[in-house]
Structures are given as C-alpha cells and as structure tokens.
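The chain contents come next:
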Amino acid sequence: MHFPASDDAAEPRATPLYAAAAGLSSTNSWTSINGFAAARVYTSVEDEYGAASEEAALVDLGPMRRYTLRGPDASIALARLTTTPVGEIAVGEGARGLILDAEGYVVDFADVTRLSGDLFLLSTATPVDRRLQLAVRGFNAEALNVGAMVAAIGLAGPRARDAASAAGIDLLSADATAQGRVRGVELAIRPLSFGAAPGVEIMCPGEDALVIWERLRRKRPLPAAGVDALEILRIEGGVPRVGVDFHSADVSGGGSVRMTPDEIGLPHLAPPNRAWFNGRRAMKSASGAGRYLVVLSIDCDRVETGAAISSRGEAVGRITSSAFSPRLRRVVAFAEMAVAALGRPLEAATPASGKAAARLHETAESRLAAVFRENLRTATESGRSSV
Amino acid sequence: MNARTIFDLLVIGADAAGFAAAACAAKSGATVSLIATGGEAPPAGKTPEPPNFVWRLLDLHLRDLRPEARGAQTTLAAGEALTTTGDPARTGEELGRRDSVLEHLWPAFAASMKGADDRPASSPDRFLSANAVLDDYFSDELLKTHVIASCVAPFGLAGDEAGSAAALASLGESGRRRIDARSLFEALADAAAGAAVDHTNGRLNALLCADGKSWKAISDSGREIRARRAMASSALLAEAAGLLVACNGSPLVRRAGAEAVIRLRFDKRLPAAAHAHGGLCFAAGDRAAIARARDEMIDGVIAEEPFLSFEIFGKEILARAPFCPARLSEGGAGREWTGQDKQILGRRAADVIAKALGVPVGSPREIDVSVGVDAAGGLARRSFDMPALDAPAPSADPVGAAASLALELIRHD
Amino acid sequence: MTDEMTRRGARIEGGIDAVILGAAPDGLASAALLARAGLHVVLIEKSGAKTKEKREFAPGYFAEAGDPIAATLDSKVIDALDLYRHGLSYSARRLETLVRFHDGAFLVAPGDPALIGESVAALSDVDAAAFAAFYDNERKTSRSFAEWFAGGEPPKLPGALAELVSSSVDGAVAGRFVDSRLEDFIRAEAALGSAARPAEPFTYLAFLRRLAGETAGLQGGVAAIEGGARGLAAALRRACQAAGVTIRQTDRVKGVIVEWDRVAGVEFDDGAQIRSPVIISALSARETFIDFVGRSRLDIEFTRALDIAAPRISAIRAHLAVNGPVADAPVRDNLARRFLLAPAPIEIEHAYRAARLGQTPHNAIAELIFPSAFDSSLAPQGCSTATLKIHPVADRSLSDEAWRQSLIDAARAIFARMAGRAEIAAVDLEDPEPAAPPVAACFERRARLTGASGLEGYFFCGPEALVGGGVSLSAGRRAADRARDYFRKGG
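Chains A, B and C, in that order, are what the protein sequence lines are.
Residue numbers for the first sequence follow the numbering used here, so the first one is 171 and each next one is one higher.
Residue numbers for the second sequence follow the numbering used here, so the first one is 83 and each next one is one higher.
Residue numbers for the third sequence follow the numbering used here, so the first one is 9 and each next one is one higher.
Only chain A is shown next, with the shape it has when bound in the complex (with noise of 0.2 angstroms):
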C-alpha cells in the first residue's frame, strides 16, 4: 500500500466510503490524494498507529488506481509493463513490482494479482491510463480502469486477518487472494503490506462498500487508520512515496531527477535477471544522479522535509519525507544521500536544537534490497570468474 504524494485537486471526490470516513472523522482533517478526499487524522495519530501496528484498523484505499486486464495476452502485456513475474504467478497470487519507463527510470508501484487464468487485477499509486493504453497495443488483452466502480477497504495490523474473519470474510491461505460472496456481496480479498505492517485488502462494488465497512465494524468497532498514521507505518518499512520521496519519471519530464529502482531503495522490485520488461535493458546504463533514499532514524522529535544531512560538517543528503515513530521514540525519515557517505557518521538539521545524530535504519525493505545487491554481485562475480 503506496498512497502516492497528495495533490492540490480543488475539490477532490468522494470515494465510495466517504461516508463512513467522514463519520469517523473527529479531527476533520483531509487531505486530497489522486483527486479524491482522504483523511489524514480520524482521531490521534498515536492511537491510529497504535491500532494498526498491532491490532487491527481500516483504511479507505479508495485513492489507489485499479486496472483491470482480460485477454489471452493479459499476462505477457503486463509482464512487459511491470517489473512482477507475471508469467510465474499462479491464480489467486499477487506480486509486487515496479513500472519503469524506457530508459529505466521508476514510473510507479504496481501490485498484480492473478484473478483467474487470463484475468489480472493491477493497482498503482498514480494513474497509469497511458502506459496502459500503449502496454496492451498490438496485444490480445483489454485494459480497463475499475477505479470508479470498486472499492477498497484495507485492513491493517497483525490482526487484520482475525478481524475479517470475525465478519465472517475468511481467506482461503495465508498468500493467496480469495474471491466469495459474503451476503450477496462479491468480494475479493488479498494480502497487502501496509509498511511495516501487515494487512488484507478487501475489493467490493462499490455501492455494497458501506455495508461491508459497518460488518467489519459490526463485532467490535475497529478504529480507522489516516493518512498521517500510515505514512509512519509506511517509513518504518522502507517504502518512498512517489511524488514525495522521488518523482515519477512520467511527471518529471527527464533530466536528473529521475530515479532508478535500486536508487529508490528497491532493486529486488526490478532484477535486472529477471524476462524482459519495459526498462529492463536500459536500467543498466541509466545514470542516476549517485544519489539514494535511505530511511535513518533520527534522535529528535521533529525534522522538516528538506532538513539537510551533513556528515562531519559537510552536507550530504535532505530529508524528503519525515514521521515520528511512537515505537522507536524518535523520528524516522526518508533522505536522498550521496552514495559515498551512506557508512559515517551523519547529523541531521532539526528545527530545534540544530543538530541530531542520524543512523542509517534498517526496514524489511532494505534488509531484501541488501540481499538482493549481495546476491546480485557473487552471481555477476562469479559469471566474469568463468568467462
């Protein structure tokens, strides 16, 4: 779950729970995220993160772009368009990757889930609509946005699962999307990250949304999670938000703000030894700008976007993004860093005493991306140690 950057929509729609939020809403706090209204704050941010940490809260992901692709060659267009196995999935399985554009640059986040054999549902953070467009030319497979006709109900926490199945909406395996009836609703059900947090991801019509939001809510009144509560979640584990932490390379117009995947933190989404997809090939000679988003924690209680990091006196790197963590007791932030300094020492620019010491902070994002690099440079080495 990768809410993109919010925007400045002048009066942003209301998602098929907007209801329901609102309802919940004692801060009346909102935020336009992808032209459609989004709490930030329901009621304290402590409490939302509290609850989806480590019990269980709802979010409305009504924001988050929805495709759909049907036709014999669904699979092979969006094995091209995304960097997901594609082809390896099997019904009911999902895979998470990233879409890059042709000179290897990251464009979005993209999560695939196989739905039946040639039926696959695929969400982004951003809209996709053109890439999607071109992705399926030439293609037996037809491209469909969803957005407006499903909703989306996440459930975040390590007691997402208990909560669903507490309103009776069961998931069939631990990994696999589940599609059912629930009282005459058509549901479908997946596995999502929320960050550091675990969850599931409940996809409805999106007239049957308020029911199935008041079921969940029925047993025992689970509190709402807002944006402000993720965006600490989504730190904690390592994921950059587009149009904050890096810009996507549709928007950005070229030039060197572009990032590629292992500069995001997220080289494991795009192996370059994985079949062909858009980018692939490019990705190797893209030159990014030496720069890379890292997570560090931070001894302080606030930092601003922008903040500087320097290390012993010279700067380094910036803050892009930025949240207290109730958990670690200190701030945790996204910054752009200049590779050679990612091993010292480094301070970051608080707004109130000046300077706090900064470390590098590992997230499940990172730990896979070291992986990944480590596994990538003995299979490189040993590749050239045969030649």
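Calculated directly from the structure, the hints in this document are not laboratory data.
Note that this is a predicted model, so its numbers are computed, not measured.
Possibly wrong hints are sitting among the right ones.
[Claimed, not checked] Calculated Cβ distances over 10 angstroms to all of chain B for the following chain A residues:
{"hint": "1", "residue": "193"}
{"hint": "2", "residue": "255"}
{"hint": "3", "residue": "314"}
{"hint": "4", "residue": "472"}
[To be verified] Using C-beta positions, here's what the derived DEER-type ranges look like:
{"hint": "5", "chain 1": "C", "residue 1": "93", "chain 2": "A", "residue 2": "257", "range": "49 to 57 angstroms"}
{"hint": "6", "chain 1": "B", "residue 1": "141", "chain 2": "A", "residue 2": "454", "range": "25 to 33 angstroms"}
{"hint": "7", "chain 1": "A", "residue 1": "496", "chain 2": "C", "residue 2": "299", "range": "53 to 61 angstroms"}
Beta carbons: idealized from backbone N, C-alpha and C, even for Gly.
Based on these hints, arrange chains B and C on the given structure of chain A.
Chains B and C only, in chain A's frame:
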C-alpha cells in the same frame, strides 16, 4: 529624445502584445521604442489573461481588469456537443460519461501536452502532426475534432501539417481566466506610456539593419529610430508587413490566409436555447471539414459553411473564422474583399451558427466583418538581405510570449 | 527446445559472424563492408528479390525498375568496396536539369550547380546574380549538414541555421526573387518525394539535402547510373561476392532469436536456425522490430514511435513507350537530361489535396528521364522509353483498375505537359513508393530506430534509416561500422 538616441529595444507592432513587450522591457530598465505596422486589428472579444510576471511588472492589479472565470469550450457537430474546460480532472469526469476510458486518459493527455510547443529539437514528437498525436491517444472522433477546433485551428492550421502537434500546448492555456480584450489593450497601452516607452505616431515604412547589429526603422512620417535590438510583437503582423522573421524554429508559423472577425448584431436577445452552452463554441463538422476549410482558404474562396468559433453576448454574436482567405480569388486573379463579400460571409456565418445551435437565430440586423492581416501578404515583397527579426513563437498567449521575448532580448545586453 | 529441434532434424548453423536481412542496396553494402572487414557474413534475401533483368513492358521497349538516376551516393562506400571495379558506372554524369514551369517556360539548370547564374539570366536577368548567390550560399550551408544527412551527429547550429531546420520551403523562398518561377523550381526540388506540402515546416531541409548530395564526385550533381537501380545493385552484389558474402534466398524467416538482451541469430519457419552475434536489417522498421522481435521484447515507448501512422502519400513511377520523337524542341534536342516539372504553388497545393483525399492527380511535381537516351538497347530505333516519377499521389493499391487507369491517363497528360505531344504506345506503372516525412523528422526517426531498440547486436538500415528518398548507401555504411565495432568488442 533627440534623433541620435539609440534605444535598447525597438518593438514593431502596436497591438496588445507589442505594448506588453515594450512596457515590460521599459519597466526592466531598458529604453524602448514602439512603432505600429498598420496591420494591427482592433481588439475584440475575450483574450487570455497575461501571465503573472507581466501582471507583476506592469502592476496590472491597479487596473480594473476583472478576469472572468475560466470558460468552457464546446464543439457543436451533427447534433452533438462536447465540452471541455481548463480543469482536466473535471473535464475527464464529464468525458468519462461518453466513454469511460476518457475519464483518466484526458487528464493524462492534457498533462503530457504541457510544453508541447517547447520540445527540444531532438524530440521526435516535435515533427508530428496534431492528428497523429490525437489518433495515438483517442478513438472518439468528436473529441479529436474538438481538440483540433479549439487548439489547432486558431493558429490557422488544420492538424494534418507536420509539426502542428506543437499547437496542442495551448490546451494548457485554456485553463487561464479571460479578460475583455479592449480593456486589456488599453491597460497595456497605458502601462507602456507610463513606463516612458517612446511611441512613434504613424507606422513603419522601412526597417534596415546596416551592419547586422543595430536596427534602423523609418516611419511613414520620415522619423528615424535606431535601436540595438528589435523584435516584432507577433510573427504574423511582421510577416504581413514584409519583414523576415525568426521565431525560434516554431512550426506554428501561419503561411496562408487571415483570420476574420465577424460581429453579428440582432434586434433582440437571442433565444435562451442559444445561450445553453455558454463560453466559446466551435461550429465544426469533423476533422475533414476543418481541413476542407483550410483548403478553401488557400484557394481564396468564401467557404459555403465557414469553420467558426463563436461566443454569444446577449444580442450579439462575436465569431471568428480562422480560415479566411486574405484576398479572394476570382478567375485565377486575386482581389480585395468588398463590403458585399463581407455581408456574404456574415450571413453564412449566421446560418452556420444557427445550424450548429439547432436554434433559429433570425437574420442579423447588422453584420460587421474585419479580415485580419494577410499571413502570406508580406511574402511577396520580403527583404532577404538583413538578419531575420526576432518574433515570439505563435502561442495561445501572445501577450505573454511577446513580453518574455522582450525580456530575453534586453537580458542579452 | 533445442533438443526437440535436433530430434526433428532442424538444422542449427554456427560459425557465422553476421546475418544481413534484406537485399536492399543498403543491406548489400553493409554485407560487403562487413565481409571485407573479415567477418563471415550471410545475407538473406526474399526469394524472387534478385534483381530482374530489364523488363519488356511493350514490344521492343524495356524498363529497369527503380530510380534510373542518383543524386546521393556515399563515396566512402564506393571507395571502400571499389564499386567501380565491380561494374558501377555512370552513363552520364552531371546531368542537366530542364525545369518546365506552369506557363510552359523552361530553365536549363546546368550539370554543375556552380554555373547556374548564367542559365537563370536566360529566364530572368534581374534575378541572375541574386539566384546564383543564393544557390551558392545554400550549397555551402548544405555542406555543413552533409555529415548529418549521411547519418552522423547533428551539427551544433547557430540560431539562423537552427531556424532553417524548421523552415518551410514557402517560408524560406517565397518573395525572394522577382521572378517567382525560380521559387517554384526550389519548391519542386524540395517537395519531390516529400509527404509534407511546401507550406509545412521542416520541408526546406529537403532542398538542402538535395544540394548536399554527392554523386560521381560532384556535390549537388545528378548522374545516370548504367543499368539504373539494377546496375547499382549488380555492382553491390559483385562486391558482396568478391568479399565472400553468402547470399541465400528464403521467405521463411520467422524471427530473430533474442537471448537475454542480445540477438543470437535468425530462426526459420521449419525450426532451422542460423546462429550469429550480429544481425543487420535492411527491411522495413515494422518487419525488423515488430514482426521479427515482437512487441513483448521491445520498450513501450519504442513501439509507440513505430505505431504512429506515417502520412499516406506516395510517388508513382511510370514507364512510357514513346513511339517516335516528342514534339517540344528543347526536350527533343537532348533527351539525355533530367526533366523537372515545377508547377505553380496553387497547383502543388491541389495535388497534395487530391493525394490526401485519394483523388486522381491532375497536377503534380514530376521528374522525367529518358533511359533509352543512355542505353539505346531499351527502345527500338527512333523511339524512346521514358521514366516518369509523379509526386504526390494517393497511397492506393494499383489493383484497383479504375485507379490504375486514371494514373496512366495522368502520366500521359503530365508527359505531354513536360515534353509536348508524342505517340505513347504503352504505359507501365511500378508500385507506389511511400513519400517520406519531412527530412528533419526522418533524422529523429532514424536516430530512434538505429539506436533505441536496446537490443545488442541488432542494427538497422531499412528505409526508415534513410533521410529523404533515393539511394545513398550511407545507412548501410553506418550500420556496418557500428556492427563491426560491436563484433570486435567481443559481440
């Protein structure tokens, strides 16, 4: 100022763009002279508001300009109407009702056309025709017609020309608020006077560039003006005056015909149904019909059904025919427009509008037609022995384009 | 998969360094160049593609397919392959061009462009000096573009030249001369073979390309090749043979084998393969990439560029059997020239309009050559053959009999306009030749296609790699150069 004064900048063309360019350069500290070419059309209707830097430099907030909300643009064809506004997301929602694919494709299209006129020379899209780009995105013929009518036709192009895709950048300008053209013209002329721009009475008679560096303009009253740099307020105006212009390689330079402004006044307020669409309307058949209108312009005939953009104000209709021959062709020879020709064009325009709206509008009490400057007129007597005169690239925002060119030119010194 | 093939007895051939697809002149040139560089080269051509002998299209009249003249032959290829030794020869160098205007007047442009001033004086005395100066200047300008036209990097251009790249012919020449027929001459030279009307941007560059071209050692010159296009192809084939290129004929190419990110050979319908680290394609871009590689291995942005429709306008070449002399004295006096019909601007507009709407051309730009003036065996004694290139015409199939007939009528009418009355015994049409987008657009297309597919070892010199029309061999040379470097670096 005495006759020996050498100005920093000479602006040729006393239209709104010329005054804005001169005033902005003068406000930035340059000495500026401005001279008319004689081809300036009187301001009519609404025009996009100038960009913020012009607003700031000339303190336009002190003037009572009252920009009105961004307008809708509607294409009326074969009993159908299609409307877009400057808000791509809203427009996408509206279009989504025609075809759900458009809901998201339209905003994506609008976003990627931003800067289409400013693509680097290495971009392959620079050479594409507007039709090729539209065919690549959409299958809805009415929508494609609408984009050609609203974005491309104002440049005197029909969308099948190489490079005409650059005109699609004007999609971004449709989001601008609009101002009454006459008030804006007066405000800019005042601003130029207030900024001590030297304004020659009379118009340009000759332009010389002796040493390839400094320019000398001679007015029809015999006044000589010297300047280190010179620019035209618009490429069209300067070309029509016989000057050789360079506008930064823009593919949008018009090469034939003129734009006619048609005012139709009626005895009484037009029926309510005629006001249904509001904003700017286009009476367009399809893209082939727009190409045909362009072809008829080249042939020098008054179209049976001219392609028009029009707006209705109470008892009046203000229409523009972007594909209008500058001279009429008769039996192989050219001739000027007569009053009778203009009445014919006006009546045909009224018929086209009535047909497009599907509402009888009656016959207008008064028809007033003015045919703009002839794009090809100057080509017959151009002077090739001096450097080309800088002119802003044709744009949907001519005032902003001229002002930024002026600032760029004086920055060089 | 390999096991299965071996079981079925499919052949896998190895030991080959480069495969060339397509026997277009650029393909032949690249094959010969690579073979001379020491590579083991196999060229695969479509069966039946071997140049036909001259064709008898009416009793006693013979026609050679393709362009009988050349204006841009890459001298580096000619030298490197020693094409003169392999039989390339000119039946006439420095061809004069007789330009026929809409009013019937004519201008004789000399074979050496440097001498044009005097000829112009005969048409319009006041313009002679100005035209000569203009022509000379444009020839100089075109020289600075020559490398770019031939496939090199674009030159760094100062403002005025950058403006020139985007100029339309109308913008660049209209109003330049007192006698506007001189402008019609330039308009016709630039628009011949171009899909864009002279009023459209980027078209003036086509005229500069014409001036930059070099044939038979003369910049801006035109030469008639002995045997026409076949003569050139035959010389290239002999060069291929001499260099040890194996030429095979088959229609059964199924696709290009891509292994990982590089090409590894060619696969045939029956499962047979030729393994090779380098492949050069001289086929069309669609065949080269979409058909042989497949969209699923190509970048989305790259295939989008291939999908964008090209303007559908073409040129048509007609062979006329002229029974007896032609009526017009200036033509009759010397048939060993190039004749150009330069209509009035409005006639060109109407011609493009008709072409766009699929209508019969009444007017057009036309280029006329009498091949029998260079090779008397092509026509009976006292008669001649004429090759007329008419541009623009609609891109329609000749299988429509009514359309075919209307083109034949148009060819007769245009011939009469250029050469006067003559008895035409027969008219034979070649398949339409698609017109090229404006020259500047071709550059970008070429840059995209030759470099951007990202497949290592796959090089392209098909028709889209050429800038403007005609044969130049430059694309073949560039492809061969890059392929050789790639091969030497270890492929």
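So, going through the hints one by one against the coordinates:
no., hint, verdict
1, 193, "holds, 25 angstroms"
2, 255, "holds, 27 angstroms"
3, 314, "violated, 8 angstroms"
4, 472, "holds, 34 angstroms"
5, 93/C x 257/A: 49 to 57 angstroms, "holds, 55 angstroms"
6, 141/B x 454/A: 25 to 33 angstroms, "violated, 55 angstroms"
7, 496/A x 299/C: 53 to 61 angstroms, "holds, 59 angstroms"
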